[in-house]
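J.: Protein chains in written order, with UniProt numbering: chain A, 1 to 306; chain B, 1 to 306; chain C, 1 to 306; chain D, 1 to 306.
Everything labelled a hint here was simulated from the structure, so no lab data went into it. A portion of the hints provided could be inaccurate.
Identical copies go unnamed one by one, so any copy, or any two together, can satisfy a pair.
[What the hints assert, rightly or not] Lysine to any residue pairs mimicking SDA-like chemistry, simulated, CA-CA at most 20 angstroms apart: (1) LYS3 <-> ASN113; (2) LYS3 <-> ASP171; (3) LYS99 <-> PRO140; (4) LYS283 <-> GLY206; (5) LYS283 <-> HIS204.
Given next are the chains, with one letter for each unit.
Number of protein chains: 4
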Amino acid sequence: MPKLAYLGPEGTFTEEALRVLAPDAERLPSSNVTAALEAVRRGDADGAVVPLENSLEGAITTTLDELAWGEPLIVTAELLLPVDFSLLARPGTEVGHIKRVFTHPAAITQCRNFIARELPDAVVVAAPSTAAAAQEVSLPGSPYDAAIAARIAGEHYGLVELATGIGDRADTVTRFVRVSPPGPLPAPTGADRTSLVVFLTDDHPGALLEMLTEFSVRGVNLTRIESRPTGDGIGRYFFHFDLEGHVADARVGEAISGLHRICADVRFLGSYPRADGLAPQAKRGTTDVDFAEAAGWLTRIRTGRV
Amino acid sequence: MPKLAYLGPEGTFTEEALRVLAPDAERLPSSNVTAALEAVRRGDADGAVVPLENSLEGAITTTLDELAWGEPLIVTAELLLPVDFSLLARPGTEVGHIKRVFTHPAAITQCRNFIARELPDAVVVAAPSTAAAAQEVSLPGSPYDAAIAARIAGEHYGLVELATGIGDRADTVTRFVRVSPPGPLPAPTGADRTSLVVFLTDDHPGALLEMLTEFSVRGVNLTRIESRPTGDGIGRYFFHFDLEGHVADARVGEAISGLHRICADVRFLGSYPRADGLAPQAKRGTTDVDFAEAAGWLTRIRTGRV
Amino acid sequence: MPKLAYLGPEGTFTEEALRVLAPDAERLPSSNVTAALEAVRRGDADGAVVPLENSLEGAITTTLDELAWGEPLIVTAELLLPVDFSLLARPGTEVGHIKRVFTHPAAITQCRNFIARELPDAVVVAAPSTAAAAQEVSLPGSPYDAAIAARIAGEHYGLVELATGIGDRADTVTRFVRVSPPGPLPAPTGADRTSLVVFLTDDHPGALLEMLTEFSVRGVNLTRIESRPTGDGIGRYFFHFDLEGHVADARVGEAISGLHRICADVRFLGSYPRADGLAPQAKRGTTDVDFAEAAGWLTRIRTGRV
Amino acid sequence: MPKLAYLGPEGTFTEEALRVLAPDAERLPSSNVTAALEAVRRGDADGAVVPLENSLEGAITTTLDELAWGEPLIVTAELLLPVDFSLLARPGTEVGHIKRVFTHPAAITQCRNFIARELPDAVVVAAPSTAAAAQEVSLPGSPYDAAIAARIAGEHYGLVELATGIGDRADTVTRFVRVSPPGPLPAPTGADRTSLVVFLTDDHPGALLEMLTEFSVRGVNLTRIESRPTGDGIGRYFFHFDLEGHVADARVGEAISGLHRICADVRFLGSYPRADGLAPQAKRGTTDVDFAEAAGWLTRIRTGRV
């Protein structure tokens, strides 16, 4: 039974994701993404489940940065989880009496309309996670009257649900990934995704265009690009890429080898089945069969058998 | 005397930025970026100063999203401000007794080493801003023992500085922008920056490459690219671009007209002097003189004077 | 009644083309392409009809070079003319007795199979034009027994047709152009072609890619590209381009202005209706309406009306 | 002693080239380029020397087409030969009495100024080669009074040199290639050239740009591009490319494999030392060492050793 660290405490959306990705795993709640990934790096956990991006909030930058720096880890699975928020309070609390609300900043943004309409006078304070907010609210003497969090968090911490489905959009989704120590990759399924971190050799104009051309010329489609600061001053960035296909695919392998050649550093973050199961349309001449045929042809012409 | 909203309360780095950008302005502290920009949109303020990105933390996504949606506003100035953090507490507090620290999540990340070394057992709680953390700590009965914030915040709220320069990196910089209602742009200086928000027509593979080509073919260099979710599901993004030059420059005008033609929407966020004063190297054939000469030539050949 | 020079003598395919392009014109036969175009430059003719390329033989390089150098001229019309060859001889000649055949080298190539099959032992000598060959054969005492030329040439010079349709391919076509002195261009028809000559600034790697990108980024399709030596040594070339659209089209105008800016020289050779009447499919965002809309948008944002 | 066919008869510039390229070879004059290459294909010769392009006249299209169609052959060497023309006649002829001149059309073009100045009234007739012209003039009863050809041709055929160095440009150069049956390639020298013929899958707009991108993305520079008609109608072309480097170079191999994948057909015409000895500047990340390192990296990451 694998032991998986996750962004805790119990009751987070991440715990929900973990239960779907690895129902039988032992769960090791961590206080933040950094701690969850460090547990894997130290060998205290066999893997971790962490959020990577949210359809409303965007990238979870802590996850991006933790994967880019420090000891390498690889992504071995992903999950798209609809997220919805509930207003949770200690039993006996009435909505009209709520003065202070505790929740994660992402939830503040995503429940903006509900808060403006139902809690116009409440002070809303930022918490490190929605589950931590629920936990804090559950404590006797908490300065907060209510938390905005997943329903599961209310169940964990004995809170009652005063309102449910309070997010501004009903279709908000968070993408979670399972992160593992380096080791054998999930086998290609025909509908895979590959994640990379890329550091430029120098910030010359056109470097990004060059990188994208390495992909496009081999018919590899990007599904996500994020820039992150290197820490070396405004204007210095590195990039996270998600792309269609598996590193075992010839076109993906050649494309990221090309990146590796022209960039200061490329960190491979894994190839894994896409949660949405979408198989890419291979552009003409970019299937594994095409690459194998071309390799055979090249071998022949190099020996003058034209 | 213009009235400028800013990310308050008093004592934030943003206030510091505002004092540099507009020393004589009346200052209107707002509880968050959204509120500051809404004050401009409603006409309650003549402008606002908000953070846009940090060399360690990356983009301030709230600012990016606020500028992308809602009534249009334009950026009219930028400032790069070194940011440094101090550990602030009520008079009489000793470092050894600090159990609960309140600060903005960005500060938690940026002071990670100091916290691990000097406050290994303290609980660190996320605050909406560093100045809000200082304000909270200054209140009698606050559950927090210390705040991590700008020194200026300590002065505002009567806290003492227990440690200074506690950021992991001494060279951290935040980029602030002055935002104004639509209106005349700052005149070109020869060292300008232009900001844009771009929404794709559809997420076809290669759309990003096409956008970058619109810039590169006219010799316009990008200095920043950020992707943000449109809110319509994982895998749907829009883009923030910063580029070298002023929209009054011929090459910039033609490039962003090109973007406008091929994209679903391009929101112009302003052209303004670069804080670093760096003038771009115009690629061969891309100066205003080159464009004017080519326009004259085109007029001639269209009438058969070859 | 305009006077048009053409590649003579009477009986050439070019004369045939001229009769189609300008049935009422006075015809001025010239001994070669150079002479025909010089007649226009000197004002001895109002225009000229010359061959530009053949579907089997390729470019008529003399025409390409004559249009690239010297006083500028413009193309004002084009014609695609099926070409077919006949074996022509003086009355009384029998095929079996033909020992020496005179014709243009292009005809030698295009009738290769017929010659090998029917005239295996004949010596085939290169003539300056097919019609000149017919003329020579018609002279008493000519060393040649037969000519390969257009049927019309046989009629002109009193030769009989010993065989007809002797080209290897039945579908061979020659493209002829009408060349005029600089002056008003033919109006856009929606199915036009534009011809250019482009000289690179320097032969840096990637210069050709840069040129093609100027076209592709504005959605302008090339229909022909020819490289020609500049005369300054092996490895130094200039280019002939044919492209879809009229210089009056916004996308074409911007594309060739872009070329003009980055190249040492661009010579405009005219915009004229396509002989095949094919209208281009405008790529998204590249119609005149799109350009006009973008220009209006640019004007607005430049004055801060966003 | 190898037997090499060449564009004869004796006295052509091609013979001169052959003598430089293979001083000890047995020489087999052929009546034209086609015949010379057919001799190799049939095994009647061990190779052939033919002209490929001239710095003034451009491509020798017969050579291009012969190499593109029929049984494959490969180029194994190249030579740049300065070409100069002489006016040759039977002993006793005076310049003032020359009425009919016989020479190859390329020579007519290249000696245009001399002809206009010194032989303004002469009729100039096209010959299949300059040497054939000299041979014809040497025959008793020839209708021609003089030939324009290489001095060597005059020596062969007993003509006297009435004028020498009569080309308009003193620096005209012809590039000749040695063509061999398929077999082992010349070893890489560090300053090599590779020649290709490329047929597009279809004539979609942007196909040429795609091809050039396959080269540029691997840092492979083109030194020549020629379009030739496929014979299937105006507007249908295939391409000849010369590029820097040897097919044994990793970047060249990957680039032309890429072409092979996306094109209908790529015919490899050989890799051979450049006559000018120029070694290419490898772009960052494109040396064989870079490719080998990247291949090792790819192998590692594919097995999860990141």
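J.: Go through the numbered hints given earlier and state which of them the structure violates, listing their numbers in rising order.
T.: 1 and 2
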